[in-house]
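**Student:** What follows is the residue order along each chain.
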Amino acid sequence: MADVMAPPRRRLPKMGDTTISLGLSVLVLLALAVFFVVPVIAILWRSFDTGAGYGLGNYVAALSDPRIWELVVNSLAVSGLSAFCAVTLAYFYAYALQRTHVVWKSALRMVVMLPLFAPSLIQAQGLIFLLGRNGIFNRFLGFDIEIYGFWGVAIANTLYTFPYAFLILSAALAVADARLYEGAIVMGARPFKIFRTVTLASTKFGIAAALFVAFSLSITDFGNAIVIGGNFDVLATEIYSKVIGQAQFHLGAVIGVILLVPAALSKLIVERISKKQHSQVTDKSVALQIRPNRKRDWLFGTYAGLIVGVFLSVPLIVVFASLVKLWPYNMSFTLQHYRFDVQNGTAPLWNSIGVAMATAFFGVIAVFAASIVTLKFRTPLSGPISFLATLPASIPGMVLGLGYVLAFNSLSNPLNFLYGTFPLIILLYIYYNHAQGYLITATSLKQISSTFDEASTMLGGSALRTLFKVTLPLLWPTLLGVGVFFFMRAMVSLSAVIFLITPQTQVAAVSVLQLADRGATNQAAAFSVCIMGIVILMLLLVRTVLWAAGARGVTLIR
Amino acid sequence: MKFQTASITAALMLTTQAYAGEITIYTSYEEDEAAAFLDLAREAMPDVEMNMLRLSTGDLAARIIAEQGNPQHDVIWGFAASTIVNPEIEKTLEPYAPEGIEGIPAAFKSADDKWFAVTGYMAAFCVNNERLKDKGLEMPTSWADLTDPAFKGEVVMPNPASSGTGYIQISSILQMMGEEDGWALLDDLDENVAQYIKSGSKPCHAASAGEYIVGASYDMRAIKNIAEGYPITMVIPSEGSGNELEANALVASSDNKEDAKRFLDWTITPEAATAYGKWKAIVTMPGGEKPQQFLDAGLPKDTSDVLHPTDFKAAADDRTAIIEEWQKRYEN
Numbered sequence: 001m002a003d004v005m006a007p008p009r010r011r012l013p014k015m016g017d018t019t020i021s022l023g024l025s026v027l028v029l030l031a032l033a034v035f036f037v038v039p040v041i042a043i044l045w046r047s048f049d050t051g052a053g054y055g056l057g058n059y060v061a062a063l064s065d066p067r068i069w070e071l072v073v074n075s076l077a078v079s080g081l082s083a084f085c086a087v088t089l090a091y092f093y094a095y096a097l098q099r100t101h102v103v104w105k106s107a108l109r110m111v112v113m114l115p116l117f118a119p120s121l122i123q124a125q126g127l128i129f130l131l132g133r134n135g136i137f138n139r140f141l142g143f144d145i146e147i148y149g150f151w152g153v154a155i156a157n158t159l160y161t162f163p164y165a166f167l168i169l170s171a172a173l174a175v176a177d178a179r180l181y182e183g184a185i186v187m188g189a190r191p192f193k194i195f196r197t198v199t200l201a202s203t204k205f206g207i208a209a210a211l212f213v214a215f216s217l218s219i220t221d222f223g224n225a226i227v228i229g230g231n232f233d234v235l236a237t238e239i240y241s242k243v244i245g246q247a248q249f250h251l252g253a254v255i256g257v258i259l260l261v262p263a264a265l266s267k268l269i270v271e272r273i274s275k276k277q278h279s280q281v282t283d284k285s286v287a288l289q290i291r292p293n294r295k296r297d298w299l300f301g302t303y304a305g306l307i308v309g310v311f312l313s314v315p316l317i318v319v320f321a322s323l324v325k326l327w328p329y330n331m332s333f334t335l336q337h338y339r340f341d342v343q344n345g346t347a348p349l350w351n352s353i354g355v356a357m358a359t360a361f362f363g364v365i366a367v368f369a370a371s372i373v374t375l376k377f378r379t380p381l382s383g384p385i386s387f388l389a390t391l392p393a394s395i396p397g398m399v400l401g402l403g404y405v406l407a408f409n410s411l412s413n414p415l416n417f418l419y420g421t422f423p424l425i426i427l428l429y430i431y432y433n434h435a436q437g438y439l440i441t442a443t444s445l446k447q448i449s450s451t452f453d454e455a456s457t458m459l460g461g462s463a464l465r466t467l468f469k470v471t472l473p474l475l476w477p478t479l480l481g482v483g484v485f486f487f488m489r490a491m492v493s494l495s496a497v498i499f500l501i502t503p504q505t506q507v508a509a510v511s512v513l514q515l516a517d518r519g520a521t522n523q524a525a526a527f528s529v530c531i532m533g534i535v536i537l538m539l540l541l542v543r544t545v546l547w548a549a550g551a552r553g554v555t556l557i558r
Numbered sequence: 001m002k003f004q005t006a007s008i009t010a011a012l013m014l015t016t017q018a019y020a021g022e023i024t025i026y027t028s029y030e031e032d033e034a035a036a037f038l039d040l041a042r043e044a045m046p047d048v049e050m051n052m053l054r055l056s057t058g059d060l061a062a063r064i065i066a067e068q069g070n071p072q073h074d075v076i077w078g079f080a081a082s083t084i085v086n087p088e089i090e091k092t093l094e095p096y097a098p099e100g101i102e103g104i105p106a107a108f109k110s111a112d113d114k115w116f117a118v119t120g121y122m123a124a125f126c127v128n129n130e131r132l133k134d135k136g137l138e139m140p141t142s143w144a145d146l147t148d149p150a151f152k153g154e155v156v157m158p159n160p161a162s163s164g165t166g167y168i169q170i171s172s173i174l175q176m177m178g179e180e181d182g183w184a185l186l187d188d189l190d191e192n193v194a195q196y197i198k199s200g201s202k203p204c205h206a207a208s209a210g211e212y213i214v215g216a217s218y219d220m221r222a223i224k225n226i227a228e229g230y231p232i233t234m235v236i237p238s239e240g241s242g243n244e245l246e247a248n249a250l251v252a253s254s255d256n257k258e259d260a261k262r263f264l265d266w267t268i269t270p271e272a273a274t275a276y277g278k279w280k281a282i283v284t285m286p287g288g289e290k291p292q293q294f295l296d297a298g299l300p301k302d303t304s305d306v307l308h309p310t311d312f313k314a315a316a317d318d319r320t321a322i323i324e325e326w327q328k329r330y331e332n
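Chains as they are written, first to last, in the working numbering: chain A, 1 to 558; chain B, 1 to 332.
No wet-lab data here; the hints were simulated from the structure.
Any given hint could be a false lead.
Some chain B residues judged to face chain A by a derived CB distance under 7 Å, without partners named [to be verified]:
hint : residue
1    : Glu30
2    : Asn70
3    : Ser162
4    : Ala209
Here a beta-carbon is modelled for each residue, glycine too, at the ideal position from N, C-alpha and C.
Bound-form chain A, shown alone:
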């Protein structure tokens, strides 16, 4: 991706810069190797373990089984559909926020992030509360909806990937050069043509990146498919059956490798789509002023309202379920579910807050460094780094989690001392979510023209000086948003961390799983409400700090 993303290099960098660029690139690559590549290889090489030596036997067996091909088709169909829906819906939503005068923008931004605020387990449960055979629609409103199966998974995955697509697309639509629009208007282009030739064309990279992320997240997610898929199986649930159901790592690993193929293909396609994306903010840019247009604002306002309704319904039903005695039989109000009797009580919540803050801080540094070395400091390592930086999106959490165990629990690993500690959990969260963080940052960074860098370099600024004096000041609102994103992910992700927790390092999402496992659905909902509350509080807190610091125009979620 890097080679097509990067602007052509117009002059040779100075000697000192090369050292810094190379040094930082090596550092980024090393970290990706140690905390991503090694664990993934540690688990995936097992796919060659046939029980009688190493070979391709498992692959031959798997690929000659017609069942696998059916799963491939299922996976591609459901992930393709939900990626398409999520990106389309998110694009117009982001458009409404960035290019029209709809009201209550901050609230609109917050609401569609809600799926990131609670463990996906509880969101799927919320969807069943709403649309299940005994859910609100069927039980109280007289509908006859059957949610389990292909459509259920497609809906759940669309909701689940929408916020990621929105974050990327919103970053892409945030900046625009008014001159292009004026030119188009002067030439007499109609609004739709302007949208197609200017807006869509200038956000190609964002669209491609959003499609890639949404598709990869859907195809690697097994949580929604397990809860709501019924008998509709996909590749990710097959890994779950092999590894968790039958303890056959080698067969699970084969499917883990197969899962990399569509992900890698989608990445290639994305690269083609995003070719020749130009920077949006150059030294000559004129910031786009959004013209008043009542009709347009009404149209997009209604659309945003509909989306908000959908995104509010699931968390609201979860909050409601946490406050009633026994959903759906006894709807009398109670606070009893907030008296948590799960092991360790609320301690995991506090652990998670610390872990999530550290993840946010170090996660931002990691993806910022990765974006800089791939987009601004061109070195021979830029290509491999850009490839590795987005690869984590194609690895199911369960696979990466087990890979961490295999890699870091081994006594021959010099980093073995990290095993069983919070720092390793933090590293897992950073690299598990690396692709999304990197793509949001890169999308933003791409909008900033390299002419700024060149001007700075020509004026005698070193690469580092340009970075701190030019790039960071333009990019920091995005980085703040990425930090918030990492924070949210570390509060709620479950599938990978389940293999790293120890009696001493319990995290909040696992408590939700324990409660749901033992049938205390209402209490699990209550615990999730606490997690959601913490995330919202954190957002408000950061907002207040920013406001107090005088940065009033900055939004945390772009």
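Guided by the hints, dock chain B onto chain A, whose structure is given.
**Tutor:** Frame of chain A; chain B shown alone:
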């Protein structure tokens, strides 16, 4: 609160390195049971620092196998017998016969002393009373009843490929009825099954939530959901109920075997047996009365009347073949 302070202190130390007087226990007992048992164990052995990690059977099995190069635990406690015999897990165990092991019948322990089981669970249906009444159906009492076309689309079962509970249900039907009749029954059942859910407890939760009439699950899940207040009835299939044992074992790599063995000794004391009786429908050693709540839910006083004597060895040996055949018949 006590746990909380302990866990925060421990968390601050950021380490799991075991020292003398400390043991790490891996368990798949349900979270509330495990906490209750552990409280008692701590009382009985106040000088031993006990760290417990609770994960579901499948997650814990994957964890143990992934950690086998450098195991972090000293003891396995309450872990499915059909999974503990997995060669990759069994090879990490060390034979140990705790004091008083003679009290446990031979069927509930391994011949080479690698594991013994004090508790277990058996297959049971959760039947949603409300939904049953709405559809005007009779309370089913057996697997055969569930093949009645009236139940079409109203039965959910665990998927044996991803759930141990699901596997014991299938394997016990095949063991009880023989291959031919067993598969014939499963074929008929498949006509009515709406979903093969990928967990052993979720079918009961789905029936409890009123999503389906019948969820094939296991005894304690039904009893606990009744206690939560869900309008369900527990039915133990009249053909006989397949069962799973929850095994305890000593981990060969433990660096504190002395305390680990003391812990295992404690798990078969009469005191522990009494505690198990309050939480478990199957206790393999004498002692402990069944709580009234269990009997009210429909559990017989003597569960051996309804249990099918499972051949665990055969169940484990045939696992891959049976799951393959099952997938061929009922998936896709």
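**Student:** Would the hint on Asn70(B) be counted as holding, given a Cβ-Cβ threshold of 7 Å to chain A?
**Tutor:** Nearest chain A Cβ about 5 Å off; hint holds.
**Student:** For the restraint on Glu30(B), tell me whether the closest CB of chain A is nearer than 7 Å.
**Tutor:** Glu30(B) check passes; min Cβ-Cβ to chain A is 5 Å, inside 7 Å.
**Student:** Quick check on Ser162(B) please, does its C-beta sit within 7 Å of some C-beta on chain A?
**Tutor:** At 3 Å from the nearest chain A Cβ, Ser162(B) passes the 7 Å test, so the hint holds.
**Student:** Restraint: Ala209(B) near chain A, CB-CB cut 7 Å. Satisfied or not?
**Tutor:** holds (6 Å)
Going through the hint list in order, the structure satisfies each hint without exception.
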